[in-house]
Amino acid sequence: MEKYFDINEKGFSVRCKMFYAKDLKDVEYIVIATHGFGGSKENKTIEKFAQKLYSKHKNYGVLSFDWPCHGADARKKLLLEECMEYLSFVIAYSKEKLNAKDLYIYSVSFGAYLTLKYIVEINNPFKKIALRCPALKMYDTMIKGISKEDMLKLSKKKEVLAGHDRKMKIDQEFLEGLKNSDVMKYDYMDYADDIILIHGTKDEMVNIEDSRKFSQNNVIEMLEVENADHRFSDPKTMDIAIHTIVEFFS
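The numbering of the sequence shown is my numbering, which starts it at 4 and goes up by one.
There's no promise every hint is true.
As the list claims (entries may be wrong) - Simulated pairs of lysine-lysine, DSSO-like, Cα-Cα distance not exceeding 30 Å:
(1) K25 - K131
(2) K80 - K188
(3) K151 - K131
(4) K239 - K47
To be clear, the hints were calculated from the coordinates, so they are not data collected in a lab. Keep in mind the model is a prediction, meaning the values are calculated, not measured.
Given these sequences and hints, build the entire structure.
Structure follows, in structure tokens:
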């Protein structure tokens, strides 16, 4: 089953999509699923993951939402602090309105970066954390996709457009925020047993070496999926990732 709803807080409206087996009242445990940069909650891989999860565990639900400036969100300019606000709203709603006994999170790429930023800079409300192809050096990843012309505009304090299907405004302050919140420099040892990292060996967007270094430095379990690209576009590789995460959350 699917249900759409909005979380309206502090003048923001977070567009959400909930996946569950039959009755929302039966959901005791919630997995928050976050998409990557330029994506949205209308994510087929999240839907596939949710179906696999609640087919095995009827009391689990998956809550996906649009990051600011993504999908159906009303924001036009991407701000890191608003990303943190959105995740805070979704966490609070899951606990207070949906009465989740435990929270889990499954995050991809930019969403994984924001998850790591959140748990170390704000708090960690999650029982288990699964990260797929995390953009651990998000500043470097963003810079690679910005033209020289736009970089010049940014240096002059001007806004430029970024994104894929939907364009959003970013500025130099956003990039500086990414640089200052370098999750590679933080210590995640206290959370290591509750984190799993999955990365494809043929990721063309995010360097797998970053994940190897991150997992080694923090003693985090890492699964390398042979021949998987950034999006795990081969269904066989996606099946491996989903199975691994479902078992980890179980």
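Okay, the hints, checked on the actual structure:
With a CA separation close to 24 Å, the supplied pair K25 and K131 stays within the 30 Å bound. Taking the CA atoms of K80 and K188, the gap is about 27 Å. The hint holds against a cut of 30 Å. Using a Cα cut-off of 30 Å, the hinted pair K151 and K131 is violated, with the two alpha carbons roughly 40 Å apart. For the proposed pair K239 and K47, the alpha carbon gap of about 15 Å is at most 30 Å, so the pair holds.
When the structure is compared with the earlier hints, a violation turns up for hint 3 alone.
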